[in-house]
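A.B. asks: Full structure from sequences and hints, please.
Protein chains in written order, with the working numbering: chain A, 48 to 557; chain B, 15 to 345; chain C, 179 to 510.
Please keep in mind that the hints were generated in silico from the structure rather than gathered at the bench.
The reader is advised that the hints may include incorrect statements.
To be verified - Pairwise CB distance ranges (calculated):
(1) 303/C with 256/A: 47 to 57 Å
(2) 392/A with 388/C: 11 to 21 Å
(3) 172/B with 268/C: 36 to 46 Å
(4) 439/C with 103/B: 44 to 54 Å
(5) 186/A with 502/C: 51 to 61 Å
(6) 280/A with 359/C: 51 to 61 Å
For each residue, glycine too, the CB sits at the ideal point set by N, CA and C.
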Amino acid sequence: MGDLAATLLSAHGLTRTYPGVRALDGVDLTLRAGEIHALLGENGAGKSTLINLLTGAQPVEAGSIHLDGREVRPKSPAEAAANGIVAVYQEITLLPNLSVAENIYLGREPTRFGLVDRARMRREAALLLARFGLSIDPAQPLSAFSTAVQQLIAIARAVDMSARVLILDEPTASLDSAEVAVLFRLMRELAASGMAVLFVTHFLDQVYEVTDRITVLRGGKLVGERRTAALPRLDLVAMMLGKLPSGDSHLQRHAAREPGAPFVTVNGLGKQHLVAPFNAEIRQGEVLGVAGLLGSGRTETALLLFGAERADAGEIIVDGRPVTLKGPRDAIRLGFGFCPEDRKLDGIVPDLSIAENIVLALQARLGWMKRLPPARQRELADTYIKLLNIRTPDAEKPIQLLSGGNQQKALLARWLATQPRLLILDEPTRGIDVGAHAEIILLLEKLRDEGMALYVISSEVEEVAAYADRVMVMRERRQAGMLAGDDVTPSAIIDAIVMPGAVPPSGRAA
Amino acid sequence: MKALAKYGAVALMMAAMAGCGDKGGTDKATKANEAAAAMTIGFSQIGSESGWRAAETKLAKLEAEKRGINLKVSDAQQQQANQIKAIRSFIAQGVDAILLAPVISSGWDEVLGEAKAANIPVVLLDRQIDTADPSLYLSAVTSDTVEEGRVAGRWLVEKLAGRDCRVVEIQGTIGASLVANRKKGFEEGISSAGNVQIVRTQSGEFTRAKGKEVMEGFIKAEAPGSICAVYAHNDDMMIGAIQAMKEAGLKPGSEILAVSIDAVPDIFKAMADGDANATVELTPDMASRAYDLLAAYNKDGTVPPKWVQTPSTLYLPDTAAAEYERRKDLY
Amino acid sequence: MSGWFMAARSRLILLALVLLANVAVAPGFLELRLVEGRLFGGIIDILNRGAPVILLAIGMAPVIATRGIDLSVGAIMAIAGAVAAASVNAGHAWPVAVLAALGTGLVCGLWNGVLVTIFRLQPIVATLILMVAGRGIAQMITEGRVLTFTDDGLAGVSSATLLGLPLPVLIALAAAMITGLLVRATALGLFIEAVGTSPRAARLAGVPAPGILIGVYVWSGLMAALAGLIAAADIRGADANNAGLWLELDAILAVVIGGTSLYGGRFSISLSVLGAVILQGMRTCILRAGLPPELNLLLMALVIALVLVVQSPACQPAIARLTTRLRRRGAA
Numbered sequence: 048m049g050d051l052a053a054t055l056l057s058a059h060g061l062t063r064t065y066p067g068v069r070a071l072d073g074v075d076l077t078l079r080a081g082e083i084h085a086l087l088g089e090n091g092a093g094k095s096t097l098i099n100l101l102t103g104a105q106p107v108e109a110g111s112i113h114l115d116g117r118e119v120r121p122k123s124p125a126e127a128a129a130n131g132i133v134a135v136y137q138e139i140t141l142l143p144n145l146s147v148a149e150n151i152y153l154g155r156e157p158t159r160f161g162l163v164d165r166a167r168m169r170r171e172a173a174l175l176l177a178r179f180g181l182s183i184d185p186a187q188p189l190s191a192f193s194t195a196v197q198q199l200i201a202i203a204r205a206v207d208m209s210a211r212v213l214i215l216d217e218p219t220a221s222l223d224s225a226e227v228a229v230l231f232r233l234m235r236e237l238a239a240s241g242m243a244v245l246f247v248t249h250f251l252d253q254v255y256e257v258t259d260r261i262t263v264l265r266g267g268k269l270v271g272e273r274r275t276a277a278l279p280r281l282d283l284v285a286m287m288l289g290k291l292p293s294g295d296s297h298l299q300r301h302a303a304r305e306p307g308a309p310f311v312t313v314n315g316l317g318k319q320h321l322v323a324p325f326n327a328e329i330r331q332g333e334v335l336g337v338a339g340l341l342g343s344g345r346t347e348t349a350l351l352l353f354g355a356e357r358a359d360a361g362e363i364i365v366d367g368r369p370v371t372l373k374g375p376r377d378a379i380r381l382g383f384g385f386c387p388e389d390r391k392l393d394g395i396v397p398d399l400s401i402a403e404n405i406v407l408a409l410q411a412r413l414g415w416m417k418r419l420p421p422a423r424q425r426e427l428a429d430t431y432i433k434l435l436n437i438r439t440p441d442a443e444k445p446i447q448l449l450s451g452g453n454q455q456k457a458l459l460a461r462w463l464a465t466q467p468r469l470l471i472l473d474e475p476t477r478g479i480d481v482g483a484h485a486e487i488i489l490l491l492e493k494l495r496d497e498g499m500a501l502y503v504i505s506s507e508v509e510e511v512a513a514y515a516d517r518v519m520v521m522r523e524r525r526q527a528g529m530l531a532g533d534d535v536t537p538s539a540i541i542d543a544i545v546m547p548g549a550v551p552p553s554g555r556a557a
Numbered sequence: 015m016k017a018l019a020k021y022g023a024v025a026l027m028m029a030a031m032a033g034c035g036d037k038g039g040t041d042k043a044t045k046a047n048e049a050a051a052a053m054t055i056g057f058s059q060i061g062s063e064s065g066w067r068a069a070e071t072k073l074a075k076l077e078a079e080k081r082g083i084n085l086k087v088s089d090a091q092q093q094q095a096n097q098i099k100a101i102r103s104f105i106a107q108g109v110d111a112i113l114l115a116p117v118i119s120s121g122w123d124e125v126l127g128e129a130k131a132a133n134i135p136v137v138l139l140d141r142q143i144d145t146a147d148p149s150l151y152l153s154a155v156t157s158d159t160v161e162e163g164r165v166a167g168r169w170l171v172e173k174l175a176g177r178d179c180r181v182v183e184i185q186g187t188i189g190a191s192l193v194a195n196r197k198k199g200f201e202e203g204i205s206s207a208g209n210v211q212i213v214r215t216q217s218g219e220f221t222r223a224k225g226k227e228v229m230e231g232f233i234k235a236e237a238p239g240s241i242c243a244v245y246a247h248n249d250d251m252m253i254g255a256i257q258a259m260k261e262a263g264l265k266p267g268s269e270i271l272a273v274s275i276d277a278v279p280d281i282f283k284a285m286a287d288g289d290a291n292a293t294v295e296l297t298p299d300m301a302s303r304a305y306d307l308l309a310a311y312n313k314d315g316t317v318p319p320k321w322v323q324t325p326s327t328l329y330l331p332d333t334a335a336a337e338y339e340r341r342k343d344l345y
Numbered sequence: 179m180s181g182w183f184m185a186a187r188s189r190l191i192l193l194a195l196v197l198l199a200n201v202a203v204a205p206g207f208l209e210l211r212l213v214e215g216r217l218f219g220g221i222i223d224i225l226n227r228g229a230p231v232i233l234l235a236i237g238m239a240p241v242i243a244t245r246g247i248d249l250s251v252g253a254i255m256a257i258a259g260a261v262a263a264a265s266v267n268a269g270h271a272w273p274v275a276v277l278a279a280l281g282t283g284l285v286c287g288l289w290n291g292v293l294v295t296i297f298r299l300q301p302i303v304a305t306l307i308l309m310v311a312g313r314g315i316a317q318m319i320t321e322g323r324v325l326t327f328t329d330d331g332l333a334g335v336s337s338a339t340l341l342g343l344p345l346p347v348l349i350a351l352a353a354a355m356i357t358g359l360l361v362r363a364t365a366l367g368l369f370i371e372a373v374g375t376s377p378r379a380a381r382l383a384g385v386p387a388p389g390i391l392i393g394v395y396v397w398s399g400l401m402a403a404l405a406g407l408i409a410a411a412d413i414r415g416a417d418a419n420n421a422g423l424w425l426e427l428d429a430i431l432a433v434v435i436g437g438t439s440l441y442g443g444r445f446s447i448s449l450s451v452l453g454a455v456i457l458q459g460m461r462t463c464i465l466r467a468g469l470p471p472e473l474n475l476l477l478m479a480l481v482i483a484l485v486l487v488v489q490s491p492a493c494q495p496a497i498a499r500l501t502t503r504l505r506r507r508g509a510a
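C.D. replies: Encoded structure:
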């Protein structure tokens, strides 16, 4: 892709102020026809605001947007779409109870004699989805499909709306590698047809794999625009963080240490239709990593271990004594804590303040009678805000105003406040900006070194390989293996995920 | 009368009506006895949502027993559909006549047509219906609600004997024709006296609690001592109003005259205690008049008037204690 | 405290407007007089008449905060009143009647709570059952009439005076304070808001959600029983057909005016009480205005629509600007 390609969209001096914050400050952006353009920056850099201005979700305060040399000022996403600017977001914005076809053609249904032509709608939807490598029945309700498929459907809808500028906001966050490959192939096709694709992501590998240019924002300002091929990774991270990265230290495997005392032993724990019985031993001062693809049963092991689902087989032994978990409260009483995968739905309590969110689990354990005095709540919250470097002016702000990374830190704080002995974390770094990501990994390592037992579910194989002492691999809702010691390498984990029988399942000979 | 303000109240008090004693016998029943004897009459009653309606049912049974009439009562639980079903069932059983207390005024033409075709006379009790064909029913026995208000108004004018009087009025539920009629009648009743005027009117929704609240408002809004009489569209609201007056340190019955309509037992108690001055009876004894005109019709084909009005009798404190005793078990 | 005033700002303005309207109708409305050891005045009247709805709103606010709703409170009022009246008429002492009525309220609340929590019925459906059946139960107890009683002790629940105030006012204020303390001096408020905002997150954090849910319905039942006692004592009789009729809607409206979303989450007892007082203030004003009664419902609806529009998110920025400007002018 040369520099001479025609400019399709150019934005100049875009500015947007929220009460007390300049979210976007005189930012320029140029998108050329036929290019895939990465928009990068930490959370709070202004990426979302920029997208909102381009799509008319928020009004432009100062600055201008030109499409094909003509000034556009979309007042709503619908108006932007009419101009050819369409965005697809990480959170699916479609309607789960409607069919796939209805979702794709919502608001622009093909009609026949004034009535919606359902047959044609389904036929065209099926054709469209086939281009994405999706052979699904468009008559099914959207909710029948996984998040990944829903994401692809959302993109298909946007592409079909004759978009000229397609904005993809974290589209790969919930896709597995095969789905990502499909998406990338499609992005390249779309670019080749003359569209401009603006791609927002946290995965730097993907940036280098698929994009032609990169625009980096930081703190609402433009840092710069570069050609991807001419920008070394180290320099990119430096642009994003505004400092030289402290090195990839967290990706180096920590030195082997003496195993701690066994804290929790899981013997054949399982539940029908959820996950087949699995075995695991979780020791103090150790990280037990859990790897597997989406739907492999990895999350379900955590739900059983935390009592969020009641097991119908097997037992959990804590400190040598078998225990029965009737619900999360039993697990919490034993010193367990759980940061779920879906932070927004299962983790944070959006209306409540950061402080209230932090003290919630501790307060629940103390019971309703023994209320933590406000001063003590304040003190706890402030302690953890400082300790975990949660970026907020004060602890009384509603937690929903925090960025994803800071919400995750607050959830960690919620459990740390209970001084847990076992912390169960499901995808603790998903959808989190680079800085917070590294901070969370460092924190986990610190907790481990202090003697906490950690059960970490992660799809980031390299990371798991770096910090986990042992790794349990899940596949198709059953335990596929247990790696330990020198076997804990990214390639061994991937092998176990992909190939049946590559690793002997725990407790049995190969 | 609260029935008018009710929506789907669940009636669960049939048991309360069973086993009532034989009280208050009348002699007018005897003369029609022979003609009525051996008659079978079906009575489709709305329900038993108020003491007044329970009394109406109870009296219908009592009077039927006296006349040797075989009365079948069907409780419709406030549903027109149930009443239509009951009427069809009465027709199928071949009753000699049907009494109907209609829950609403419209939608009766078809089923009454069936009764007419089967030559079964229908008498409406307590309420009228809307129909283009008056031949569908023999007669309607109801009170004259305008007259009730008139009687109350005339009593007040007479009692005042020329004195000036500022009256406050506690209306029933807005929108009911009964309320418009009782208001109109009272206004006619006092129109002869130029010195009696209604100074405030507000809705007490036929309930004690609202009657009390409205009266409290009147007392607060009017200068002390300036209210001379209260007129309430039913006794229940008056009982609430009496409490409001007492709590405000006023003396209902003497300082402020109290006149209302219905003649339920509790107002007689208030009159006996000197707290109320007069009530106009809405008699629950509707059925006996229907029996009488049906007997005459059966005997020699005497066609009764289309509308038979029950008398609007005025009751005063002198008979209150006795009337209370007579009524307390009826309601 | 200043935080409370900020939150209460628009309601306090509304209350002031309602009181002004009352003064316009009756010039001496705001005067307070002490006569024979009892305070008299328009504000006392509003609190006294509004006591039942205030109590219902106190019970309703935590229920709504859990994303629930309690439609049965009006019917519980009727049952509680009927139970109290029937007990004194059966010869029991009035304290026995009061306890029986409160116990009835607890049982009714427990029934609702169990349906919602254990049987997972939607709150609107679960409480609709008692809303319909409850009035039938009350009618069964009163045999369909107004069950009049003469016991002065029971009537005193409404007419007695304590510390210069009518007893219903004291009961309502005490209930508000006790409930306020119960939810804010303990962790109950936090748990209720957590369960209402995000039930799944609350459960995973170890909040005892089932207990909380049952608890709020039981409390709502208890408050409704208190309201029912006051209503019955007020007319010295239990009116199964009319006691508390439609008051559940007033209570819900009061809670909404108090700023609690029907989608659950943040709630405030004091603001809900304020909402109930505003409603009663409007009612008192309309009743005393001497306008044709045909206008009652229309006026009430118009004013409520206005109140809700003023409180809507769309209007809040304008109010914030107005108050800042007023403050600035006041400071200058």
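A.B. asks: Could you run down the list of hints and mark each one as holding or not?
C.D. replies: Here's how the hints hold up against the structure:
1. At roughly 53 Å, the beta carbons of residue 303/C and residue 256/A sit within the given window of 47 to 57 Å.
2. A C-beta distance of roughly 20 Å is found between residue 392/A and residue 388/C, which places it inside the suggested range of 11 to 21 Å.
3. Our hint of 36 to 46 Å for residue 172/B and residue 268/C holds, since their Cβ atoms are close to 43 Å apart.
4. For the hinted restraint 44 to 54 Å between residue 439/C and residue 103/B, the CB-CB distance of approximately 52 Å keeps it satisfied.
5. A C-beta distance of roughly 55 Å is found between residue 186/A and residue 502/C, which places it inside the suggested range of 51 to 61 Å.
6. Judged by the Cβ atoms, the range 51 to 61 Å given for residue 280/A and residue 359/C holds: they are separated by roughly 58 Å.
In this structure, every one of the numbered hints holds.
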